[in-house]
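Please model the complete structure; the sequences and the hints are all you need to start from.
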Amino acid sequence: MKGVKVVSGKYFDSITLMLLSQKIAEIPGISEASITLGTAFHLHILEEAGYDCRSLSPNPEDFLLAMDVEGENWAFFEQKALELLERPAKPPKDLSEKDRLYTSLSSAIVGHPDANIVLISIPGRYVFSRAMEALQSGLNVMIFSDHVSLDEEKKLKTYAHEQGLLVMGPDCGTSIIRGVGLGFANHCAPAPVGIVSASGTGLQEVQVQLIRRGAGILHGIGTGGRDVQEAIGGITFLDALDQMLQDPEIEVIGLIGKPPAPKVWKSIQARIDEARMKENPKEVVLCLIGSKSSKDKASSYSCADFEETANVIAALLNQSQSIETVRKDLIQHREQIKIQAKLMGKRKGSLRGLFTGGTLCYEAQLMALPILGVVHSNAPVDPQMLLEDPLKPCGHAMVDYGDDAFTQGKLHPMMDPSFRSKMMIQQGLDPNTAVILFDLVLGYGCHPNPAESLSESIQKVKEARGESVHIIGSICGVEEDLQICSKQRQQLESAGAIISASNAEAALLAASLVEVDPL
Amino acid sequence: MMNIMKQKPVVINLGLEVFHEALKRQEIESLAVHFLPPIASEELLDKIRRLRENSPSKEKVSE
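Here the protein sequences line up with chains C and P, keeping their order.
Heads up: the first sequence is residues 1 to 519, going by our numbering.
Heads up: the second sequence is residues 520 to 582, going by our numbering.
Please keep in mind that the hints were generated in silico from the structure rather than gathered at the bench.
Don't be surprised by glycine CBs; every beta carbon is placed ideally from N, CA and C.
Hints are not guaranteed to be accurate.
What the hints assert, rightly or not - Just a few of them, taken from the derived set where beta-carbon distance is under 7 Å, the chain P residues facing chain C:
id: 1; residue: Pro528
id: 2; residue: Phe538
id: 3; residue: Ala541
id: 4; residue: His553
id: 5; residue: Pro556
Claimed, not checked - Taking lysine-lysine and the DSS-like style, the derived pairs with C-alpha atoms no more than 25 Å apart in a straight line are:
id: 6; chain 1: C; residue 1: Lys297; chain 2: C; residue 2: Lys263
id: 7; chain 1: C; residue 1: Lys278; chain 2: C; residue 2: Lys295
id: 8; chain 1: P; residue 1: Lys525; chain 2: C; residue 2: Lys278
id: 9; chain 1: C; residue 1: Lys2; chain 2: C; residue 2: Lys80
id: 10; chain 1: C; residue 1: Lys292; chain 2: C; residue 2: Lys278
id: 11; chain 1: C; residue 1: Lys258; chain 2: C; residue 2: Lys295
id: 12; chain 1: C; residue 1: Lys338; chain 2: C; residue 2: Lys422
id: 13; chain 1: C; residue 1: Lys154; chain 2: P; residue 2: Lys566
id: 14; chain 1: C; residue 1: Lys2; chain 2: C; residue 2: Lys23
id: 15; chain 1: C; residue 1: Lys487; chain 2: P; residue 2: Lys543
id: 16; chain 1: C; residue 1: Lys155; chain 2: P; residue 2: Lys566
Take a look at the structure:
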């Protein structure tokens, strides 16, 4: 029996929510349990999963306790679950004085005068005052949280700029400072490379590709995706670029993100041009993903995807191959992928992408569009290709499960892969699906074994559909990551997935495997 | 001007403990602040903060 209870007047962070959901699901007699925020989108997700939510009208701050229980005595299990919710939080573990948990930001700032960054991951509505407090105390800020208003972002960044500080984010998933990863970050291998990125998974993918080529990154400053919009004016992007241009440890600078607003782009270009006039200028590699106008200039190299960006940066560092040769090799390699698709056998039907990384989803759409013509998404390349309901993709479609609507009051799918794994089964069993494409992001902050639940889903799909569906993925991770890249790969391949060397290659292979009707 | 890229990060982590643990694994100094939403509204906290900023003791307001 399925039921939903609205729980009011409580606060749980998203990790506690996941752990509570797991604990409740472990109660004998409960086969499925989830606790989510009472947003309209989460109600919609529950309804799609067969829960009757018609009589419910929760506030967005309420929680929805949904359970599928044995028999008809839902109230008995509700009582058991509510008892778990009432239990006080566990006291801090046996912590040393240095590790002790502070109960307020103010006391932590006072108690730790050496701190230089505050990393904030709390609900968006509480971020502004804490971030401003940190800045006023002379600290840089990285804001992982989303749901911070544009106006608040502008105020924080303007103040930080005046004080010579940086605000990374809001919605900044990844930063790397002196080879140390903050937020979602892969194992770092420092090299004389600095990246300024308006895309978290874009930064991770370039870093991973560089490490696989024997290089790495010293600094990767995440700005948050909105920073390069006109309303913010690229404040953090430009400040970070200025610092990297002056940094003697940096030889090559990468600039990553979706195309900035024209005014912001003009300011970026002016800085690159000015730096080019100096003695021993730094090389600059641009990956403004989806940009139609960017071309190589004397002062910079322009790349279309993250793999090409890593190839060009590595070539500039090594100075062993010309950029022209590197690019020619990549084009040839990608022609081979198209031949590989023919040999594997194309399938009739739709391509369905299931992503945890927003910019990886965007990059995959850009790779697939020239082959498939139209690819719908909840984060589309073209607003006309907006997916009406991300829970019910139709036609060629790619869904970003890390999108704000999915993560409000819920863990990001890189931390909790369970929902994406469920959707893998739903999409894979759809007879219209010909090819499934996915990403798997490893590193600090991510789930300790994300391939486990995904592999189970892949196996179920392959058992039901056999060779009528291809499942193609890529792993954004390295061997030194906690999850160990080769172990993740092995699980996915054993289940029947084909793993490509990069997100761009996976998307190209997946799109090439779809039988496209001739016009 | 404080150039963040010149110093090894020393972090105050406000929120998800998983990020604090990740920094510890990288042998980076990190302090965890356990966040609970304030009982008072943001507006009231702002008022209190302004009052205290103008008071001689300049006592800070915590969440």
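Failing hints, ascending?
The structure breaks hints 10, 12; every other hint is satisfied.
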